[in-house]
Each structure stands twice: as structure tokens, then as C-alpha cells.
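The chain contents come next:
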Amino acid sequence: MSIILLIEQILNGLQFGVMLFLMAAGLTLIFGVMGLINLAHGSLYMIGAFAAAAGAAATGSFVLGLIAALTSAALFGALIELTVIRRLYARDHLDQVLATFALILIFSEATRWVFGSFPLFLDTPAFLSGTVTLPGGILYSKYRLAIILIGLAVAVGLFLLISKTRVGMRIRAGENDREMIGALGVDISVLYTMVFALGAALAGLSGALVGAIQSVEVGMGEPVLILAFVVIVIGGIGSIKGALAGAILVGLTDTLGRTLLPVLFASFMDPSAATTVGSALASMLIYILMAGVLLFKPTGLFGSA
Amino acid sequence: MLPERMINLLILGLLLAVPLVALAMDEPFIITLATKAAVLAVAGVGLNLALGQGGLVSFGHAAYFGVGGYAMGILASHAQSYTPLMEAPFLIEGTKSMLVIWLVAIVASALVALLVGALSLRTSGVYFIMVTLAFGQMLYYFAISWPAYGGEDGLSIYVRNGFPGLNTLDPIQFFGLCFAVLLIVLFVVNLLNKSPFGLALNGAHQNEERARTVGINVYRLRLTAFVISGAITGLAGALFADLNRFVSPTMFSWQTSGEIMVFIILGGVARLCGPVAGAAVYILLEHVLGGLSEYWHIYLGAILLFVVLFAKGGLVGGLSRREVHHAG
Amino acid sequence: MPGEVILDVRDLHKSFGALKASDGISLDLRAGEIHALIGPNGAGKSTLIKQIAGGLKPDRGAVHFMGRDVSALSVAQRAHAGLGRTFQISALAMEYTVMENAVLGAIGQSGRTFGFFRPAMKDRALLDSAAAALERVGLTDHASAITSELSHGQRRQLEVAVALTLAPKAFLMDEPMAGMGAEGSRELTGFLQDLKHQAPILLVEHDMDAVFALADRISVLVYGKIIATGSVDEIRSNADVKTAYLGEEDAA
Amino acid sequence: MRRSNWEIMMTMKFTALAAAALAMTFGNAALADAHSGKVKIGLITTLTGGGAALGVDTRDGFMLAIDQAANDAVEVVVEDDQRKPDVAVQVADKMIQSDKVDILTGIVWSNLALAVAPAANAQGKFYISTNAAPAQLAGKGCNKDYFAVSYQNDNMHEAAGAHATASGYTNAFILAPNYPAGQDSLTGFKRLYEGELAGELYTKLGQTDYAAEIAQIRASGADSIFFFLPGGMGISFLKQYADSGIELPVIGPSFSFDQGILQAVGDAALGIHNTSQWNKDIDNPTNKAFVETFQEAYDRLPTLYAAQAFDTANLILAAAGQADIADRDAFRAALKAADFNSVRGKFRFGNNQHPIQDIYVREVIKEGDVYTNKIISTILTDHQDVYAADCGLSD
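These protein sequences, in sequence, are chains A, B, C and D. If you use the numbering used here, the first sequence corresponds to residues 1 to 305, in order. If you use the numbering used here, the second sequence corresponds to residues 1 to 328, in order. If you use the numbering used here, the third sequence corresponds to residues 1 to 252, in order. If you use the numbering used here, the fourth sequence corresponds to residues 1 to 395, in order.
Treat each hint with caution, since some may be false.
[Said to hold, decoys possible] As a list, the in silico PhoX-like pairs of lysine-lysine whose alpha-carbon atoms are at most 25 Å apart:
#	chain 1	residue 1	chain 2	residue 2
1	C	K122	A	K297
2	C	K169	C	K196
3	D	K336	D	K38
4	B	K96	D	K100
5	D	K288	D	K140
6	B	K194	C	K196
7	D	K288	D	K190
8	D	K346	D	K288
9	D	K288	D	K366
10	D	K366	D	K144
11	C	K196	A	K297
12	C	K169	C	K50
If you are wondering where the hints come from, they were derived from the structure by calculation, not from laboratory data.
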């Protein structure tokens, strides 16, 4: 494999990782502040993609579609927080899992009811279509590059929000001590709704960005959700830094694994068997990575005990 | 309000009565549905040991369900084709005997549960949920992409496996067999719940620190419970495969894990017969709602949401007077 | 009359970041005594108890129990070795009956956690051991009550009963008097005076009256260091203690 | 060849045995229920969850033919399989045991068909496939009560291979998901493709990001690409491929360029060649009427799945007009004669009861606002699958 191809694959892994980060960041934030595990996070991702597709189709503008995605994911997030999720904060994880599992069923079928069974169309905007030439003569998709940049910008924004602003202070206080934040006179239920909506918006953003280069269809959220879980387990729950590190690790492992493993196996196996076996193993690679992390650091790379 | 023992008898009595009535009315499909309920109930009872008694919220029990199913599929397909499973270092033949298949299913799923549990139990709480879910997904992808046993196509077994003295193809006889397995599993789990092991397991669920300070090795305790739980679910997987005469990677999917959990919450967490009632109700809902609308998952979701938010004890909890969460 | 050393804590160090929660702590517990550990909030008492019980690993130092180094043992293993513990906030299986909680202790003691098929609540040996412990603390009449329905004081008693089922060689007690009324405290004081002859008690307690009434020796922990160890009178008159601790208490 | 021999042997040995065993238990009921004249059809297809679009079109195409025939002697029960094999098996059991159907049909997916069809045949029921036609059921495992009206699974891939050769491509890059149908598709392509391979890749089933694969294609020096990525996977691949700036010719089987999917792919699909045995512009009166009435009834253009289901329904209706279902041999003969008006024009079955038919190359075009296909050539004429030779049935 040439160096140029390797660099391109590393960029691809990075882009995949950044996309996972947007999902994992919302999940980890919601868990960190409210102690809630939210399976319906994948549904918010799907809502983002559908809203972007519908918005772009109605207005002809990708940017307006993106805004539609952010607002509808945040709105639906706030809506379920107000109606369902807030009843779950005091409940055990089992109740949270089952209630949010029920939300997946409802959201998926309702989306199919509204939009029908066929996938929706969403294209990359004209100003981001095509490729750019990177230093070293690497041709790379402009849109994917944009995803990497947006993801990294979101990561920086989240760090700043949490470490520098008043809202961030409240979020950190919420993580540490729920009673203290009540004593500070902060209306905790408003804060919770805001944090949940923020997490939802991140999921929606991720869904919309990915929707332009993937198929926008019902059920698109759950595989990503499970990957985001793997990211969180690796990175350590509640930590934005951990989510970023875990996401990029998973993105790189998956991308490089599925390109390198078949090549590796082909060096000592019959080529067609090597592709099947290599691909089979590659599909399990990130879980093996997760098992390895669990073995040595059960609380994740950046998790606290 | 009834004592729990009465409710248990009522649930099991109903599950037994429905197929008998169906037999009299010549409605064999209803017998098949009741059989499915009994088999899924076994899976639910298995998970309930870990989840209800032990407080171990495993979102990956589809893994053991699938391993049990494939134990059946692999053994039976080799027997059908008269090819040995393995020749070196020693010869292993396939089999069409349910008893052997069950044994293999139990051992294989227990082994997988041991591996997954040993790793997952290093974590707790939300981590545990996510890790078990992820390991389940890993096996799912493995089953799909591993070509030897059909991959996504799955494996078809055209004739049910045999059980001494029974014609397993006869719906009512196969139901009887599955129902008997369910009774035995309930009996064993009931014994376990009341044993020192069960008391310690549930005690550790209620207060982990307490269990440790009385000298109980909580990790080993939970790992044991997890392995037994996985083995029971694996047995259910083998039965389920025989019910359909077919196995496929769908048995490994995360939705399957979710469904097994749903049986428990519908019926009542940590109730001995909760999963039995839950599985029966789930299948009833699937067929009643499924007939009403293409979009029946919306209704199922709404019902589930209602039960979780407002009717915590599930069916058994709603009927029973004792709110306590353990079998004492 | 100093008895044989049962529990010997040697030079424990534990830091959380810049905070030195245990800064070279050494103390011992001898047969037949109640050794009280006092200190202002945040002095590191809970951290110390956790390290002795095995729930927290010290950065440095060792814990010897009954003449053997138990530093590498887990909570469960130390409990087996005979280290009984009660908690500041009741650590009980709240949904279990009083008897079931006591049986839980008996199961731990018997090492029969992996008994699978005989019902625990019909096992003579377990029940006898549990019943004896309940009788000792005076909870026999409440044996079939659900633990969550007990009063605060009764839960304390049950904590002690569960610890007793382990036939411990020493007790670690974290604020047993907390939340007890005057009457309850007095009763418990009498009980502990009696109990110490069975096994010595390392007691963490806020209630100064109780400490002065009960303790044979007192150690004062301030900012992770033991600044003084001695009899009640010695501690009362110690100047350092007065400024660092009692002074504060008086001011408050 | 991926299909291991034991699997096929197993099918042979045990179908007979299964038939005997099942007849013991179900046979009596089946015989007692031999109703005269009336044909009862069980349509099992995917109506909820992922892939429901294909099932909905199958149902709509099928019911269009049934409604148009307005034949009281034919009754259809429709049930959802949720794209889960175990659900499909149970629905089949229900239809056979409770609804007492004579014919099962409608399954979209090969893995579901493999779970249902042999068992249905073993219980003495016809299975007539509107779509899935896996190799296992076309060769040694063929059955006198099993018909595929659609194609044999390999056909489109073989045609794509032939088209690549005919187009003068000599260094193709081929990829498919790592599951049985994917492995079969690449085998099928290679069967009639004569050039070299620049690369052969298996992707994860359900994969949505193909950046890594596209990078490999770019680096491979290929002169063309063949891919088989059904459903959402194909949409994702095509969008990302278009975005990559690579401009190699792409060939695929019709599945990724169907009427329903094209609208979600958009411009990225324009100009791509794909192989199919049907298109809405095949010039015959049946097809014209079908496309028109389907649009009237459902307000959208029909897909291949709808067309195949429409043909299947008409085949059954024709057979019902010619023979009594109670006389199974006569009814089977009427099915095999395939004396009905197909939307494909000519239609006949081979010995293994899979079609012998022409396969076309289509190009994706835009008509007004709608993306669709037009036929540009006939790549294979009277094509029959390779498994037919292994099938014990005769013409």
C-alpha cells in the first residue's frame, strides 16, 4: 500500500471518527450531567438526517437544510426530555434503557409513516462537492474535509463551553453535585432540558452531515449509536476529551483494519478466502479493541474510577 | 390482589390451556404461537436471573440465544449431511438428538457468557449495558460474515430434531416438550433464587458494599449468575431454532436482546413468572397489533413506555400484593 | 493493660491529586479496647477506614491484621479474615427482612456463597447463627420486619448484628451513634462496652460525649496526620489537639 | 463455489424425508381441506422496518393484478415478515396451518426464502417466488413445487460481467457485502467477465461509509467498477463515489438503480449502466398497461419488484383458469406452461422452473424531475442460469 493511499485512509478514519465524536459527545454529556443512558440518541440522528433532506428539498439550500436539522433535532430532544426523559432521571438504568428503547420503536415507525419507506435524497452542497488537492498530491473529498473541520470545531466549542462559560460551570456543577447546583439557585430542570437539547442537536448535526453522503433511511441511527457506545466505553464516560480520543481511535481502527487486514491475510492465504476472512475479522476489530481497553482500564482511557 | 404463587399458577395454567383449546378447535397455528411464548419465556427467565436478581442489565443476551441456536443448527446440519463436525484431533459427529444438542447449547453459551461476563463485569452500571450490547453486536457481525454456516442466509433444518418417545413435528407434542423445559427451568431458577447463592446475589444487587463486607466475592458471584443466565438463554436459543427449524444471525441482533428485556419489564422484574407472562403478552400484542396496522411498532412502543413510566411492577407486579423485589 | 495487637496500620499514604488524605498514618488496635478515631471534617477518617477495610488501595504503607499482612487482600477476603464493619450510612439490603440480612452475613461467614440448591432460609446452621446475632443486639422481635421499615437506631443495631455473624476478630465502626437519640446512644454505648471484650473496636465517631465515655484510647487525625494518640485524659489536655480540633469544636 | 456440497446434499436427502414426516402430521388436514376450485394465496413480504419499500411494492404490484382480474376464485392473505427469517417461518406456518393456503409467495430476501420455501414445499404447498431466487433452490435443491418468476439470483451479475466484457473493460474493480448473496454476486460477475481484476473487496453488511473502499479503487488503476450493494448501501456508495471525483464507468445489477432508490441517489447515478430483465419502456401492451394502471392506482412509477409481483400474480391467475388447484399435478403443469401475458413480453420456464429470458442493459436518465432507466441494449438473449443443469427436473 502506497504512502499516499495510507494517508488518505488515515484521513478517512479521522473523518469517520469525527462523525462518531458528534454522536458520542452528546451521549456522554447527557450521561455525565443527568446520569441517563439514552438509546433514542440514534433516533435524533435519524431525525437530523430526515429534517435536512426535507429542508433541503423544500428550500433548495443545503445550509437551510442543516439549520432545519439542528433545530428539529433540538426541538424533538427538548420535547422528549419534557415528556418522557425527565421522569427517568431518578430511575435505574434498566428503566432508562427500556423507555428509550420504546422511543426508538415510536420514532422509527412514525418517521416511516410520515416519509414513507423509500430513502430520501440529500446531496452535498455545490460549494463543497468534488475534491481538493492536499499537499503531497493527495486528492481528497472537499465535503469530507469539511466534516473533519466542523467536527473539530465542535470539539473545541464544547471544551470552551464547558470550561469557560457560566452554562459550562453549571454543567460541571451538575456533574459533581446535583444538590449544590440546586442550592446555587439554578433552575435545574431548565438546565437539564438545555443539555439534552444540546446533545440532541449534536446528534442531528451528525445525521445531517452524514446524510449528504449516505442513505437517509429509517433505522440509520442504531448502528451508529452502538458504535458511539463503543467509543464511550473506550474513552471513558462523561469525558468530552475521552469521547474525542475514543472516536478517533475507533474511526482509525475500523478504517485501517478493513483495508489492511485483507491485505495482511492475503500474504499467507488464498486471496479470495483472505478477503472474506479479513473482512469478517475487520468487522469485529473495534470490539476487540474495546475488550482490550476493558482488560487494562475498565473505566476507559479518560474515565475516573 | 393475589399472592404471587397463585399468579404464577394462573400464568402457567393459561399458557398450558391455550394450546389445548387450540388443539380441540383444530387451530394448530395457535399452538405454534404458544410454543413460541414458552420458548421465549425460557430466554426471559434466563435473563431475569442476571437482570432481576443480580441487577446486571445485560443488553447482549441475544449473544447466548444465538449461540444456542447455532449449536443446534451446526450439529443438526452436519448430521443431515453425514459430514463430521471435526476430524482432528478427534472425531466429532453432528447429531439430531435434542438432548445432546441442548447439552452442547448450554455448554457453548455458558462458555461465551463466561468470556463476555469476565470482561463486562469489570465494569458496572451504564458501562455494563453498553459493553454487553457491543459484544452482542460483535457476534452478530461475526455470524453474518463467517461463510462456513450460511452467513446471513442462516441454516435450514428441514426436520425437527428428535426427542425419545415424541414426534417433535406434531405441534402439540413439541409444545409439551418446550413447556416441560420451561417448568424445569422455572423450578431450577426458583431453587437458585432461594439458595444462599440467590440470597447473596440479590443482596449484592441491593447493596454491593454490604455483600463485600460480609466476605462475599461479588465479582465471582455475579460472574456465576451471568454464566448460568447465559446458559439458560442458550438453551432457549436451541429450542427456538428447533421451533423454526432454522437459525440465522437475526438471533444475534441487538433488537433480539431488547425484546428479551421487554418480556421481563412487561411481566415484572425479578418475578419468577414475570418473563413468562411478558413473553406471552408480547406475542399476543405482536399478533393483535400487527393485524391492526403496518405501523404497530408505534403502539408497542407506547405500551412499553407506559409500563416503564407508570406500571413498574409489570403484569405480575400489578396483580400481586407484595412489592418486594426478591423471591424470599 | 495493653492487650495483644490485633490490627496494625503502618505508615499509610494516600493522595488524591495534591490532597494528602493519608500522610503517613500509623495506629494499632489491641485486644479488649475501643480505640476511637476523631478529627474535624475532611481530616481523612473515611479514607483511612476504607484503606483498612480494603476498599481503597493505599499508595504506600501496610495493614497487618492478626499478625499477617493483609494489604493485598480484597474487602471480602479481609471480612473473611475477621474484620467486621459497620457503615456511617446504613449499608443493608433494604428490601430484605431483618433475618435475611443477618443470614446474608452468615452466608458470607460460612463461605457457602456457591450453595445452589438448599434454600438459605431453611438452613439450620445459617438461621441459628443469624438468630444468635439478632438476639445479641436485641432485634429478635423484629426478625421478620422489612429492613427499610426499621427505625434509624434499629438499622444501626442490624448493622452490628450482620457484622457479628462474621464472628469478627475486630470491628471497624463508622459513626455508629449518628442520628441516634439520647436513649439509643446510651443503650448502644453500653452494648459496645460489652462487645469490646469479644473483639476490639476501631471507632470513628463525631459524638464527643460518646467518645469520651467509651474510648480506652483516642487518636486525633488532622489533615491526614495523626497528631496525638492517648487516653481520654491525655487527649483532653493535649494542647495541639485543643487548637487543632477541640478548639474548633468549642468555637462552633 | 461457496455453496458447500453438504448443504445441497442435505436439501436433496431431507426434502423427501421431511415431506414424509410432515405429511404424517399436517397431511391429513391438508387433504381434508382440498377445496374445489378456489385458490388461496399467502403473500409474505416485508411491510415494516428496513427494506419495507421493496415489500410494499411487491404487495402493490401483486394486488394490482389480482384486483384487475376480479376473480372470486382467487383469494390472497397478506402478512408482514419484518424482514426477519424467524417471523417469516412463523407467518408461513400460520398461513399453512390456519389460513390453509395453497400457494406461498412474495418474499423479497434470499435468506428468508431459504427459511420458508423448502419447508412449504415439504408440506405440499407451492412456493412461487416474486424475487429471491438463491442458488440452493435452483440446482440440486430444486423442487417441483418451487417456481421463480423473477430470475435466478446470479442472472443480473452474469449480465453485468458480460456487459463489462462487451464494453471492452479489462481491469475491473469489484465489490460486494460480505454475506452469501454478495459472495454469489461476485462469483456471478466473474462467470461471464473475461478481463482481469484490479481488486476484489468484501464490505461489511449494512456498511454506510465507503471512503476507504473508494480510496482503494482510486489507487488500484482499474478501468471500471462493478458493485452489488443492495438498498441503502448502494445509495451511500454512489453518493460518495460521485463526490470522490473518480470518473471510471460503473456497472451494477438493477437492484441499486430501481425506481424507488434512484430518487434518493440523484445525479450521482446518471449515466450508469445496469442490468435488468425488465424496464418500464419494454414495448408490449401488457407492460404499457401495467405501468399506466400502477401509476394510476398508487401515484408512483412501479419498481422491478412490483413488475415481478405483477407477473407472478398473473401466472397464478392464468394457471387457476386452466386447472383446478385440487388436482396438484394439473395445476403444476399449468404453472410450468406459463401461459400468461408477461410485462417482459416473452416468458418461459427452464427445467428448474426459473425463467429463461432476455437481460437488458439500462442507463440511468432523468425524465423531467424524475430519475429513471432506459434500455440501451440486450446483453443476454434467452439466458438460463448455470444451476439448471444440476436440477433433476425435466422440461
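So, going through the hints one by one against the coordinates:
1. K122(C) <-> K297(A): violated, 42 Å
2. K169(C) <-> K196(C): holds, 10 Å
3. K336(D) <-> K38(D): Roughly 19 Å between the alpha carbons, so the hint for K336(D) and K38(D) holds.
4. K96(B) <-> K100(D): With a Cα-Cα distance of about 29 Å, the restraint between K96(B) and K100(D) is violated, given a limit of 25 Å.
5. K288(D) <-> K140(D): This hinted pair is violated, its Cα atoms lying about 37 Å apart.
6. K194(B) <-> K196(C): Violated, at roughly 35 Å.
7. K288(D) <-> K190(D): Not satisfied, since the Cα-Cα distance of roughly 35 Å exceeds 25 Å.
8. K346(D) <-> K288(D): holds, 15 Å
9. K288(D) <-> K366(D): holds, 19 Å
10. K366(D) <-> K144(D): violated, 43 Å
11. K196(C) <-> K297(A): violated, 42 Å
12. K169(C) <-> K50(C): Since the Cα atoms of K169(C) and K50(C) sit roughly 18 Å apart, the hinted pair holds (cutoff 25 Å).
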